[in-house]
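**Student:** Position chain C relative to chain F; hints supplied.
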Amino acid sequence: MKKLTIALAACAVTAFTLSPLAANAATLDNVKKRGMLVCGVSTGLPGFSNPDSKNNWSGIDVDTCRAVAAAVLGDAQKVKFTPLTAKERFTALQSGEIDMLSRNTTWTHTRDTSLGINFAGVNYYDGQGFMVMKKLGVKSAKELNGASVCLQAGTTTELNLADYFREHGMKYSPITVDTSDQTIKGFEAGRCDILTSDQSQLYSLRTKLPDPNAAMVLPEIISKEPLGPVVRQGDDQWFNIVKWVLYAQINAEEMGVTSKNAEEMKSSKNPSIARLLGGDAGAKMGIGADWALQAIKQVGNYGEMFERNVGLNTPMKIARGVNALWNKGGIQYAPPVR
Amino acid sequence: MAEKEGPLTPSKPAPWNNPAVRSIAFQALAILAVGYFFYVIFQNTLTNMEKRGISTGFGFLTEPSGFGILMSLVDYSEASSYGRTFVVGLLNTLLISVLGIFFATLIGFTVGVARLSSNWLLAKIATVYIETLRNIPLLLQMFFWYFAVLAALPSPNKSIEWGGNFFLNNRGLYFPRPIFEDGSGFVGAAVVIAIAAIVLMAKWAHRRQETTGQQFHTVYVSIGILIGLPVLAYFAAGMPISLEYAALKGFNFQGGMRIIPELMALLWAISFYTAAFIAEIVRAGILAVSHGQTEAANALGLRPAPTLRLVVVPQALRVIIPPLTSQFLNLAKNSSLATAIGYPDLVAVFMGTTLNQTGQAVEIVAMTMAVYLAISLTISAFMNWYNKRKALVER
Chain F
2 MKKLTIALAA CAVTAFTLSP LAANAATLDN VKKRGMLVCG VSTGLPGFSN
52 PDSKNNWSGI DVDTCRAVAA AVLGDAQKVK FTPLTAKERF TALQSGEIDM
102 LSRNTTWTHT RDTSLGINFA GVNYYDGQGF MVMKKLGVKS AKELNGASVC
152 LQAGTTTELN LADYFREHGM KYSPITVDTS DQTIKGFEAG RCDILTSDQS
202 QLYSLRTKLP DPNAAMVLPE IISKEPLGPV VRQGDDQWFN IVKWVLYAQI
252 NAEEMGVTSK NAEEMKSSKN PSIARLLGGD AGAKMGIGAD WALQAIKQVG
302 NYGEMFERNV GLNTPMKIAR GVNALWNKGG IQYAPPVR
Chain C
4 MAEKEGPLTP SKPAPWNNPA VRSIAFQALA ILAVGYFFYV IFQNTLTNME
54 KRGISTGFGF LTEPSGFGIL MSLVDYSEAS SYGRTFVVGL LNTLLISVLG
104 IFFATLIGFT VGVARLSSNW LLAKIATVYI ETLRNIPLLL QMFFWYFAVL
154 AALPSPNKSI EWGGNFFLNN RGLYFPRPIF EDGSGFVGAA VVIAIAAIVL
204 MAKWAHRRQE TTGQQFHTVY VSIGILIGLP VLAYFAAGMP ISLEYAALKG
254 FNFQGGMRII PELMALLWAI SFYTAAFIAE IVRAGILAVS HGQTEAANAL
304 GLRPAPTLRL VVVPQALRVI IPPLTSQFLN LAKNSSLATA IGYPDLVAVF
354 MGTTLNQTGQ AVEIVAMTMA VYLAISLTIS AFMNWYNKRK ALVER
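For the protein sequence lines, the chains are F and C, in the order given.
Those letters in the first sequence? Residues 2 to 339, by this note's numbering.
Those letters in the second sequence? Residues 4 to 398, by this note's numbering.
Isolated chain F, as found in the complex:
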């Protein structure tokens, strides 16, 4: 009888401990306690998130993580990067394996509403394009009827491609693989005529070809791909932090605050700049008053981040275009810090 009682008690204890976990565990507390931000990135995409031979990560998505680490922990180096394939990324975020996802991820309605995640802004406005070998003599995407297409599994690319070909009454056969590395290998081996992906990725992948000049990116852009950092739903504090660190970087560019002059701009007479670099904005989010100062000093404003990773002086050679500030012909716009 005694054994039975113990067994029943054990069952009760199990049931108790297994009762629903608190859904919105405070990510900020975890990050502070750990002293380290865990950030999900790609498995290797030059310009966005790419490791070098010493496992130092660089790229615009990597810098987005570093800026958050600088704002929260005061040190942009306190980030642990977790490489994820397109298929793994949302599960890793949902399960709490990573604190934030910054992996050239497109903001869509389905993802925003049914995956239990929130998109915290846009750090790169992209669009899907096509890359072909020059020797094929194709000048426009409308000439691609019957082509074989290499693409990555688990992306919005698959859906846009199907829509585009259906809309134009053309046929295609998709060769769907797991990583962007495999798509470029298949393209190189001639398994497919076209490689399709977000246009920024096409430029990035082209640098991996033995002769990048043999391939060209077609002019058509067939979709809107706003890429940005993602956090779990149900933790508004953390959502605000990630969102506003990115906004702070965009505001900083607009106000002319850079990584070099941030320290002296702190005592600027312009009240907007003073509010951004000091003020009580940080306290309202539960982090230090120097949150934006650290992010900008250590990582830079949005423009610096862009030029350093994907700008005209990098192998990617991407012009600001639509990613310029709203008052300079682009659409990057951040709400004011006040």
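Worth flagging that the hints you see were computed from the coordinates, not collected in a lab.
Heads up, a few of these hints could be off.
No farther apart than 25 angstroms at their CA atoms in a straight line, the calculated lysine-lysine pairs in the DSS-like style are these [unchecked claim]:
1) F/K88 <-> C/K252
2) C/K161 <-> F/K186
3) F/K298 <-> F/K81
**Tutor:** Coordinates of chain C only, in the frame set by chain F:
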């Protein structure tokens, strides 16, 4: 009636002291506890997912998928539902499993017998084959067949061609597709009749040999019937079947039928790999049959081929079948590696793309696991039935 004095019956113990009652009670408790445990886990998962705003349920299966699939055995387009993508993936997985099991068994038996051959060269080639292929990881072999072989194939406009009907290039192997018109049902019926006739003839020939000892040329006559009857029906019905040839139009060949390179690479890799293991199982089975059996057969005047076929292999099968079943199960499960080279199997299409587009990981992973479990259990059940038939019948 006088009461008979029986032996003393022990007094009935209390239920909680009765070993039978106790064992049942504890087993029932254990089942209840396990059941409750899984119920709690299940409920907990649902509650947590709901709290985090993750959608649940199987409603997504009827929504349109909106993406294309490279190869499909049934009608499929971007407008089809996610339920349809499940079917497409499932059929592609079944296709590779069935083809793989067929070729792996064929190659495995040949190599296994070859390794025991008295021909030195043949035996050594078989040994090298087995030791190489079973010691290289399957995934690497897949990449080898896919990338090494694909790179060697020409582009569509420089295809390797046989007689204008067959084309081989890095987009696949193209061959003519038969078009069935009115009246082709006769030809189909002729094939069925031919097969039935062959079965009946084989039975008759077997009985005749058992009673009279006279042999019949079953093989030649079977081939004659199998080809002759449908051909006769074909001409009698006014040639209702025509061929559609593949032709180069634009980027790729259009029309005809095509085997995609992903399927070829996967099939080769998986068949050659599993065949190496099957070959060893076959060798073990044959060696398990006492040499005296072979000598006895020789003494009766049987030539080596019938000795192998009629005396050695039937006895070896009893040893071969159980481990062979495991190899078949491995093959079916290994086919999920297809996703690495882009063959659209269930894991790639359903657990890959569909999962990502809908985000319903729990439902989709559960469905996929259930499918592999069902495939494996079916193979297992069939092989157990076959094993029972072949097992030693004690008289």
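**Student:** A separate judgement is required for each hint: does it hold in the structure or not?
**Tutor:** Hints, one by one, checked against the model:
1. F/K88 <-> C/K252: violated, 35 angstroms
2. C/K161 <-> F/K186: Roughly 20 angstroms between the alpha carbons, so the hint for C/K161 and F/K186 holds.
3. F/K298 <-> F/K81: holds, 20 angstroms
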